[in-house]
Amino acid sequence: MTPLTTTNDDLTITDPKMKAHGVDVFYGEKQAIKDVSIDVGTDLVTAFIGPSGCGKSTFLRSLNRMNDTVASARVTGRIELDGEDIYAPSMDVVQLRARVGMVFQKPNPFPKSIYDNVGYGPRIHGLAPAKADLDVIVERALVRAGLWDEVKDRLGESGTALSGGQQQRLCIARAIAVDPEVILMDEPCSALDPIATAKIEELIHELRGKYAIVIVTHNMQQAARVSQRTAFFHLGTLVEYGKTTDIFTNPRQERTKDYITGRYG
Amino acid sequence: MAVVNDHTVKAFDEDLNRLRGLISEMGGRAEQALLQAMTALNKGDLDLAAQVVEGDRKIDALEAEVEQLAVQTIALRAPMADDLREMIAALKIVSVVERIGDYGKNIAKRVALMDQTRSIEAIPLLMSMSSIVAELIHDALDSFAARDAELAVRVTVRDKNVDDFYNSIFRTLVTFMMENPKHISESAHLLFVAKNLERMGDHATNIAEMVYYVVTGERMEERERGEQPEDGAAEQEQG
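Keeping their order, the protein sequence lines are chains A and B. In the numbering used here, each residue carries its 1-based index in the first sequence increased by 528. In the numbering used here, each residue carries its 1-based index in the second sequence increased by 33.
In short, the hints are calculated from the structure, not lab data. Yeah, the Cβ is synthetic: ideal placement off N, Cα and C, and Gly gets one too. The reader is advised that the hints may include incorrect statements.
Unchecked claim - Partial list, derived from the structure: chain A residues whose beta carbon lies under 7 angstroms from chain B:
#1 719
#2 749
#3 785
#4 788
Using the sequences and the hints given, assemble the complete structure.
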């Protein structure tokens, strides 16, 4: 491994959790992602930034085949999880999405109890043979998501009765409960107030190292605060990928600079 | 490199322009203070010297204004990349310019303490040295205004001339003191004047190094330094 330097050139990710190579994504005729190659580090938080319509969410969704749910979407190129092609015919998509969990922009708890929201995934994936096992899993996920103390006395209440920030942490607990390897977050704080946002950011910080985390955000300060690697997308291409500190203090590409300094227009 | 001001939020551009204008004015005043202080010294002009001392208040006030504006801009606009580097550099540059102003004031204050200086041969040398230093300060601030990294590098290289001048004046004054014990007091003041000028040159290079950082995002390579000053103070005063 080359020693760490302060330049963007050294991007060695020794232990990539996911590798994308030459990925194109089409919606019908329209190409939304053009030839994107990127490694996602196991112990890192990776932020995808870029203006609306740049393809960052589309690319994020191709990492756990969420785009499969869009009839016109077509993905070419290769995306690997631990060296395994996730678009291979043999890949079990349900299993894949358990390994690569997702948290969405708007909190979307099931209209069920807090307990069931977290317990549903482990149950259908057969991770909890007995009720006692499930209790342990639910508690651990809620603790990790920083929600346990707030909900431990009302696990039977509906998940939708929680505040927005609590709902989002419940969704993160739900993603964690099936013991994923990667968590994808698509603008997880855009519907939350600053306090709830700070709690999610603190949570991301806590979860780093336990899961590979990829976050799409419009809030560049947030990308700067939570991530160690930042990728800037523009018009479907990956313009620049580097250490977060470098991207925000000394970006190499003019387009990156214009975007992060607010000159984009 | 052209200075491009085209932020989507126009008020940000206005803040940046105001900041640059203030720094430019501050630099102009510091350079002026140096030239006037040296003229006052050369001619024994006490009124001019008093003007320089008085004018330093305005330089200090400008420093405070820039600091306030930079902190406000960082807080309100959350600048990134070259904008962020400019804010940080602005804060550092004004504190350096303020020091340059202080050295000018210090030279001006010595005018009243000397009466016989015109007979000392080091004076013309000091005048020449001061015009080189004033040019360095001028060019360092020009490089900031124009985002000119090459000019900044040239400023740091030219500082070698100032250091060489200082060493030469140091030797001249020491020799003069040995030969003219009656003038030791004046000569000592002139030594301080020379030292102040040498420090001003160093500060001009500090500004140039910050400009280089603003423009390129990199620290300037360790430059070829001039001969170290021979008064033994080099170690504690470098950097």
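A quick look at each hint next to the structure:
With its C-beta approaching chain B no nearer than about 21 angstroms, residue 719(A) sits outside the 7 angstroms limit, and its interface hint is violated. Against a cut-off of 7 angstroms between C-beta atoms, the interface hint on residue 749(A) holds, since the closest Cβ of chain B lies about 6 angstroms away. With a cut of 7 angstroms, the hint placing residue 785(A) at the interface with chain B holds, because the nearest CB-to-CB distance is about 5 angstroms. Interface restraint check: residue 788(A) against chain B, minimum CB-CB distance 4 angstroms, threshold 7 angstroms, status holds.
When the structure is compared with the earlier hints, a violation turns up for hint 1 alone.
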